[in-house]
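The whole structure should be built from the sequences, with the hints applied where relevant.
Residue numbers (the numbering used here), protein chains in the order written: chain A, 1 to 253; chain B, 1 to 287.
Bear in mind the hints are in silico, worked out from the structure with no lab data behind them.
There may be inaccurate statements among the hints.
[What the hints assert, rightly or not] Mimicking DSBU-like on lysine-lysine, the simulated pairs with C-alpha atoms at most 35 Å apart in a straight line are:
id, chain 1, residue 1, chain 2, residue 2
1, B, 130, B, 153
2, B, 130, B, 69
3, A, 117, B, 69
4, B, 153, B, 69
5, A, 179, B, 165
6, A, 243, A, 214
7, A, 243, B, 165
8, A, 15, B, 165
9, A, 179, A, 214
10, B, 165, A, 214
11, A, 179, A, 15
12, A, 179, A, 243
13, A, 243, A, 15
14, B, 153, B, 165
15, B, 165, A, 117
[Said to hold, decoys possible] Which chain B residues stay away from chain A? Per the calculated CB distances, all over 12 Å, these:
id, residue
16, 164
17, 179
18, 181
19, 182
20, 188
21, 213
22, 232
23, 244
Even for Gly, the Cβ is constructed at its ideal location relative to N, Cα and C.
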Amino acid sequence: MLRIRQLSKSYVPGKPVLSGIDLDVAGEDITAIIGPSGTGKSTLIRCINRLVEPSAGSIELEGEELVGLSRQGLRLARRRIGMVFQEYNLVERLTVMENLLSGRLGYVSAWRAWRRKFAPADIARAFELLEIVGLSGFAQQRADSLSGGQRQRVGIARAVMQRPAVLLADEPTSSLDPKTSVEIMQLLADIAQGRRGGDRIPVIINMHDVELAKRFAQRIVGMSGGRVVFDGAPAALSSDILKAIYGGEDWLH
Amino acid sequence: MSSGNVGRVLSGAPAWHRAGWLLLAAYVVYAAAQMDVSAERVASGWHNAAHFFGRMFPPNFSRWELLVKGLRESLEIAVLSSALGILFALPIGLLSARNLMPAWVSWPARLLVVLARSFHPVIVAILFVKAVGFGALAGILALTVASVGFAGKLFAEAIEEISLKQVEAIRATGAPFMSLIGFGVLPQVFARFIGFCTYQLDSNLRNSTMVGIVGAGGIGGTLFAAFQRFDYDYVCAILISIIVLIMIGEVLATGIRAIFIDGASFATLFRRERRAGGQLRLAVADD
Chain A
1 MLRIRQLSKS
11 YVPGKPVLSG
21 IDLDVAGEDI
31 TAIIGPSGTG
41 KSTLIRCINR
51 LVEPSAGSIE
61 LEGEELVGLS
71 RQGLRLARRR
81 IGMVFQEYNL
91 VERLTVMENL
101 LSGRLGYVSA
111 WRAWRRKFAP
121 ADIARAFELL
131 EIVGLSGFAQ
141 QRADSLSGGQ
151 RQRVGIARAV
161 MQRPAVLLAD
171 EPTSSLDPKT
181 SVEIMQLLAD
191 IAQGRRGGDR
201 IPVIINMHDV
211 ELAKRFAQRI
221 VGMSGGRVVF
231 DGAPAALSSD
241 ILKAIYGGED
251 WLH
Chain B
1 MSSGNVGRVL
11 SGAPAWHRAG
21 WLLLAAYVVY
31 AAAQMDVSAE
41 RVASGWHNAA
51 HFFGRMFPPN
61 FSRWELLVKG
71 LRESLEIAVL
81 SSALGILFAL
91 PIGLLSARNL
101 MPAWVSWPAR
111 LLVVLARSFH
121 PVIVAILFVK
131 AVGFGALAGI
141 LALTVASVGF
151 AGKLFAEAIE
161 EISLKQVEAI
171 RATGAPFMSL
181 IGFGVLPQVF
191 ARFIGFCTYQ
201 LDSNLRNSTM
211 VGIVGAGGIG
221 GTLFAAFQRF
231 DYDYVCAILI
241 SIIVLIMIGE
251 VLATGIRAIF
261 IDGASFATLF
271 RRERRAGGQL
281 RLAVADD
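What follows is the structure, given as structure tokens:
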């Protein structure tokens, strides 16, 4: 469903951040991408929806090639890719409800969106999602009045509002405390498996907490130096492999 | 500057600092001498000022119809040029924002704004009077240009200070460009924009009293004519009326800010204006 072939990215010519990444994601719930800082995890995630432009390679989503797609084509394709950000990236001055509905902006004309004339089905779905993420009653609150965990829930709900084919999450728990991190990972797992209403959505999470990844992901992709060095089940992630990915031993114990 | 700093500047600092200050003082003295600034002129000036100040009172409102006509024209010039100017300044300001636009778009837009701002509104009014003739139209056009110059620059700077994270998130949903602006950019700058708009209205109100001096309509022409005829009591009446006009503008500005910023949030304002119809209501506007 998502096919990445020979993806490369260099911000500075001659210093590639990503070198020839090959990856297939076909709907197996949560895929966690782990690796040291600066190894290109965030770049990889952002290349998928072309928030960062790939230098070379191909990315196919549901058979459609994303690299080289026109502006309009890219805009339409992005509707099928939901994204959750490390710092939530909510529109702070707008209410929770408006933030949720902004997930439908790709499907609604700018004029109707401006006048807040969203389809009744969308509004109903928004209230439903609010309940799913545990924020009923928060619809009219301004986004900047929420705590970090609450904001991330809104961010996740916004991404699910797009009815995406795949959900990308760029370090969704890195700004949250341990307990809230687990809650958010559980929410993402439930959404991936379609447990809280709605279809199953494959979720690709870029994260640096290895324990959290092992606990919630069905598949782990380990990156080091801009390349994939491990791709398999969490159980197969031995200390040796972790050493190879991150370097050094002390942090393991 | 604290007194300690001043002491350091005057006494101890590096020699070339002191040389700089001396140079500045010398230039001030020289310039004053060039401009025929002397004690005798100041003294006789006081005397003249007292003389014509006396002739201003009591203010003469007998020709109030002309006065009201001029004030009304000034108000109209101010409101129209503010509305038009802001209308143009919004897209031009957006195009000038370097964090959102590529260089080949932002630099021409910035150039346009700089040109609009370079000249004092009265100078621009002279140009328009030559182009479209005497009257309020010249004034409206001149102040529209001035508004684009000032409000456009302020808009651009406000946009350049926004958090791009929110814009990035909206972009990732596949939103079209206008929705990106409406949901990612505008909520962040709306409150400041309203402030800029009310400031521009006030500025245009003051400028609209001036452009009449060069024939571009408004109370300025009446004022200037009265001055030249030595009708100082009429001049006083006009000046008092201008003060009243500016105060009305101040009340207007406060009202606008109260509606848009303090009272309703950006979104609830729209919801209040919508009728329920058959559509599911988004909110109860109880704030």
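Do the hints match the structure? See the list:
1. Annotation: proposed proximity of residue 130(B) to residue 153(B) holds, straight-line Cα distance about 27 Å (limit 35 Å).
2. Taken as a hint, the residue 130(B) and residue 69(B) pair is honoured in the structure, with Cα atoms around 23 Å apart against an allowance of 35 Å.
3. Taking the CA atoms of residue 117(A) and residue 69(B), the gap is near 45 Å; set against the 35 Å cutoff, the hint is violated.
4. Restraint check for residue 153(B) and residue 69(B): the C-alpha separation of about 33 Å stays at or below 35 Å, so the hint holds.
5. For the proposed pair residue 179(A) and residue 165(B), the alpha carbon gap of about 25 Å is at most 35 Å, so the pair holds.
6. Restraint check for residue 243(A) and residue 214(A): the C-alpha separation of about 15 Å stays at or below 35 Å, so the hint holds.
7. The suggested pairing of residue 243(A) with residue 165(B) holds, with an alpha-carbon distance near 34 Å, which does not exceed 35 Å.
8. Under the criterion of a C-alpha separation no larger than 35 Å, the hint pairing residue 15(A) with residue 165(B) is consistent with the structure, at around 26 Å.
9. Restraint check for residue 179(A) and residue 214(A): satisfied, since their Cα atoms lie roughly 16 Å apart, inside the 35 Å limit.
10. The straight-line distance between the Cα atoms of residue 165(B) and residue 214(A) is roughly 29 Å, inside the 35 Å bound, and the hint therefore holds.
11. Note on residue 179(A) and residue 15(A): the hinted pairing is violated, with a Cα-Cα distance of about 38 Å set against a maximum of 35 Å.
12. At most 35 Å may separate the alpha-carbon atoms for a hinted pair to count; residue 179(A) and residue 243(A) meet this at roughly 27 Å.
13. Among the hinted pairs, residue 243(A) with residue 15(A) is consistent with the structure: their alpha-carbon atoms are about 24 Å apart, no more than 35 Å.
14. Distance check on the hinted pair: residue 153(B) and residue 165(B) sit about 23 Å apart at the alpha-carbon level, within 35 Å; holds.
15. Restraint check for residue 165(B) and residue 117(A): satisfied, since their Cα atoms lie roughly 25 Å apart, inside the 35 Å limit.
16. The beta carbon of residue 164(B) is not kept farther than 12 Å from every beta carbon of chain A, the shortest such distance being approximately 9 Å.
17. The non-interface label for residue 179(B) is inconsistent with chain A: the shortest C-beta to C-beta separation is roughly 4 Å, within 12 Å.
18. Under the 12 Å C-beta cut-off, the non-interface status given to residue 181(B) relative to chain A is violated; the minimum distance is some 8 Å.
19. Residue-level check failed: residue 182(B) sits 5 Å from the nearest beta carbon of chain A, not beyond 12 Å.
20. Some Cβ of chain A comes within 12 Å of the Cβ of residue 188(B); the nearest lies about 6 Å off, and the non-interface call is violated.
21. Its beta-carbon lying about 42 Å from the closest one in chain A, residue 213(B) satisfies the requirement of being farther than 12 Å from that chain.
22. Against the 12 Å criterion, residue 232(B) stays outside the reach of chain A, whose nearest CB is about 52 Å from its own CB.
23. With 12 Å as the threshold on Cβ separation, the claim that residue 244(B) sits away from chain A holds: the shortest Cβ distance comes to roughly 37 Å.
Hints 3, 11, 16, 17, 18, 19 and 20, counting from the list given before, are not met by this structure.
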